[in-house]
Amino acid sequence: MSERRIRVLVAKPGLDGHDRGAKTVASVLRDHGMEVIYTGLHKTPAMIAEIALQEDVDVVGLSILSGAHMELFPRVRQELVDRGLDNVLMVGGGIIPGDDMQVLEKDGFAKLFGPGTNTDSIAEYIQTEISKRWAAEEAQA
Amino acid sequence: MISWAENGHARFPETLEAIWSQVGRACRMGITGPPGAGKSTLVNELARMIREEESTVGILAVDPSSPLSGGALLGDRIRMEDRTADSGVFIRSMASRGSHGGMARAAVDAMDVMDAFGMHDVLVETVGVGQAEYDVVAAADTVLVVLCPGAGDGVQAMKSGLLELADVIAINKCDLPGADRLTSDMQEAVHLRTAGRDKWASPVVQCSAGKREGVEDVLVAVKSHRDHLSDTLPDHRRQKRIQQVRQVVGERLDESLWMKGNFGDQVEAMLCSGITPYAAARRVTQNLLKSAQENQSSEFQA
Numbered sequence: 092m093s094e095r096r097i098r099v100l101v102a103k104p105g106l107d108g109h110d111r112g113a114k115t116v117a118s119v120l121r122d123h124g125m126e127v128i129y130t131g132l133h134k135t136p137a138m139i140a141e142i143a144l145q146e147d148v149d150v151v152g153l154s155i156l157s158g159a160h161m162e163l164f165p166r167v168r169q170e171l172v173d174r175g176l177d178n179v180l181m182v183g184g185g186i187i188p189g190d191d192m193q194v195l196e197k198d199g200f201a202k203l204f205g206p207g208t209n210t211d212s213i214a215e216y217i218q219t220e221i222s223k224r225w226a227a228e229e230a231q232a
Numbered sequence: 084m085i086s087w088a089e090n091g092h093a094r095f096p097e098t099l100e101a102i103w104s105q106v107g108r109a110c111r112m113g114i115t116g117p118p119g120a121g122k123s124t125l126v127n128e129l130a131r132m133i134r135e136e137e138s139t140v141g142i143l144a145v146d147p148s149s150p151l152s153g154g155a156l157l158g159d160r161i162r163m164e165d166r167t168a169d170s171g172v173f174i175r176s177m178a179s180r181g182s183h184g185g186m187a188r189a190a191v192d193a194m195d196v197m198d199a200f201g202m203h204d205v206l207v208e209t210v211g212v213g214q215a216e217y218d219v220v221a222a223a224d225t226v227l228v229v230l231c232p233g234a235g236d237g238v239q240a241m242k243s244g245l246l247e248l249a250d251v252i253a254i255n256k257c258d259l260p261g262a263d264r265l266t267s268d269m270q271e272a273v274h275l276r277t278a279g280r281d282k283w284a285s286p287v288v289q290c291s292a293g294k295r296e297g298v299e300d301v302l303v304a305v306k307s308h309r310d311h312l313s314d315t316l317p318d319h320r321r322q323k324r325i326q327q328v329r330q331v332v333g334e335r336l337d338e339s340l341w342m343k344g345n346f347g348d349q350v351e352a353m354l355c356s357g358i359t360p361y362a363a364a365r366r367v368t369q370n371l372l373k374s375a376q377e378n379q380s381s382e383f384q385a
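So the protein lines, in turn, are chains A and B.
Heads up: the first sequence begins at 92 in my numbering, then just goes up one per residue.
Heads up: the second sequence begins at 84 in my numbering, then just goes up one per residue.
One or more hints might be untrue.
[Claimed, not checked] Covered stretches of chain A (in silico footprint by chain B; criterion: 3 or more residues with CB under 8 Å from a CB of chain B, positions within the stretch not fixed): (1) 113 to 125; (2) 139 to 151.
[Stated by the list, open to error] If you only want the chain A side, here are some residues facing chain B, beta carbon under 10 Å, derived: (3) Arg95; (4) Arg96; (5) Arg98; (6) Ile128; (7) Tyr129; (8) Thr130; (9) Gly131; (10) Glu170.
[To be verified] Beyond 12 Å from chain A on every Cβ pair, some chain B residues (computed): (11) Ser86; (12) His92; (13) Ser267; (14) Asp268; (15) Val303; (16) Leu312; (17) Lys373.
Keep in mind that the hints were calculated from the coordinates and are not lab data.
By construction, the Cβ of each residue, glycine as well, lies at the ideal position given by its N, Cα and C atoms.
Excised from the complex, chain B in its bound form (with noise of 0.2 Å):
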């Protein structure tokens, strides 16, 4: 089922759609942070934790595909092999195809799938860069931010825009030097953006996955800004799903126009005529508005 969401098979919502009862019991982790941080290393510790409480946990590990052949090297099992002889650990790898959309949407279909299965956590796994790997953790429930020392100062964290996004910050490979000055960056950035606010502020932890040390203290972390979600997590979801609905109408508009339509025709005549392509897009796009109005179809509201 994983697959079919992944390759957009046709038959995959009519199956969502049965199975859609079951979804929304587990809760959903989104780890993220630079490459090498031990996102996978931290994954396969945290599995071992939530393992020993006597959970089920579903991991889907995310990895780059290249821009170039379009395959992909996907590699994070190789960290997290001593959970593959457990069979209440589901491991997935899935190549994030090109950042156009897709990969988001099969990555949150396949959360629901892991759900749906019973999985009583569901962990996603990330390389935090660009928008595509941004959506597929923004919709986790908690949102794990990875660093460590020695990959740039606090200043670099907070530009990349990583932080607004972190329920958890976590300060992997905590006994290599730099580690205390990091972890104080982050909890003065943390406090730069929750100060006299009524937000949560994002706590700061330690630790050291590759020597099990306190893993447990992230879990903790979590678990508390899961308690803290607790009363608005059906309508944290529901802005989520609304941004899930918003993106399957424009793939499902793109696919209608483009592909089905013969604007690339019409729009190869516009350009041919000589007019610049915005001039173009504008006209086009008042077309389409023009027919929506006519057909009082809400869709092209959105």
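Just chain A, same shape as in the assembly (with noise of 0.2 Å):
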């Protein structure tokens, strides 16, 4: 019996050539024992929601730069909903203001994370989060 692994989507949506923070959360989060997909640069809302329903994800994690996650963020959590994905973690970071950050987070958004973030701290956060939710899940089954 294999032991069950946090599966992480690491995603840049949008018009954003900047992924040096994406891949070093992605590598962080793998040295914590979690199991990464990264997408790459320049995708769509509707992408992004698609990988996270092939590959079965728990966590779906938005990397911008662009300052259009006011636009992208409710888009991609929009379409991860049209897909039944609403119960999938989602987080977000990048060059973000406060106020925007505090919109986001009501918005269907667990946590997002500015600049400086200590990058364990994120990890801790994920394991946290996600080892409740089973917890729950392992309740109602």
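Build the complex from these two chains, which are given one at a time in their own frames, with help from the hints.
Have a look at this one:
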């Protein structure tokens, strides 16, 4: 019996060519024992949701530095919901003003991480949230 | 369902039973080769060509897990991105999760699931290192080995054991210097193994997946191998299923002996008495075989 591992999709939506942050986070999550799928650059919200579906991920993490987060993040969320994936833990990060973070966190995003976040704290946050969800699933079954 | 297979979920076997009658229709291709040979790019191109023939494609991309953290960075999708928007293509990444058996089983299960859900072709791609990866590609009908110039000479390819597995050999990046030399080396290696024997002689095909050149030749070679197999395919597959059953039996035994039985304690006691590991193993095996004979259980004869 193999043990279940957290599967994470790290995605870059829209026209934004900077993925050093996304790759850094992906590596850190890998080092915390997660299975990380990285999409590569320039993905549409529909592509990201389709990949999340095919890969059956527990977490979708969006990285954005272009300033279009208020446009793209809710659309990714909508595409996920349209595919019945409203249960996926959604997180994000990048250059996002504090006010926008608050709006997004009210709108389906569990947590957003700004510049200067300790990378280990992202992994710990995901681990805590997912183990809560899995415990709830098991209680239901 | 693929996640269930990967995690060894208790409901997977019964669910597989429900779809089992639909399994066995797809053509299964295993693609392997050293890192950077262009496997993902070639898979992407093959999928494109198969789609042009109005077939559906399932792709399983296996990447290694980190031996340190057990995590994995699954990046094959990046080179398959043109296929993401296509609803006739289903791509799934899988981490090897250590080479101890389980991965090969999950990969075969995943191929069965894709097959049952109506994919005409199922491609499984993995880095060609280690026993577990061999087991994965060996479960396919046709094994395609991808090599490229500049990654060691023909002798290295021979000793890596990849060639024994190959039904078709693709020399990718054939525009690079050394491609012709590698191609003739490979042809010679195949000839050495097959000359004068009634065996399939693996074709060696040049291509450049990144430039979309020669990929149709690879597909033609794969199809000719499939035609070659046609009569023996059911037998070919049955042999592989026997391997699968054997593996699952091994896993179940391992589980029930070590996790449920108190084998660990017994062995610890034996070792404390000063005997060697081999002597302990012999004693354990003898006890097992004896109790098996007493129970008239056939499982242990495998």
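- Item | Violations among the numbered hints | Numbers 10, 11, 12 - these are the hints that the structure violates, sorted from lowest upward.
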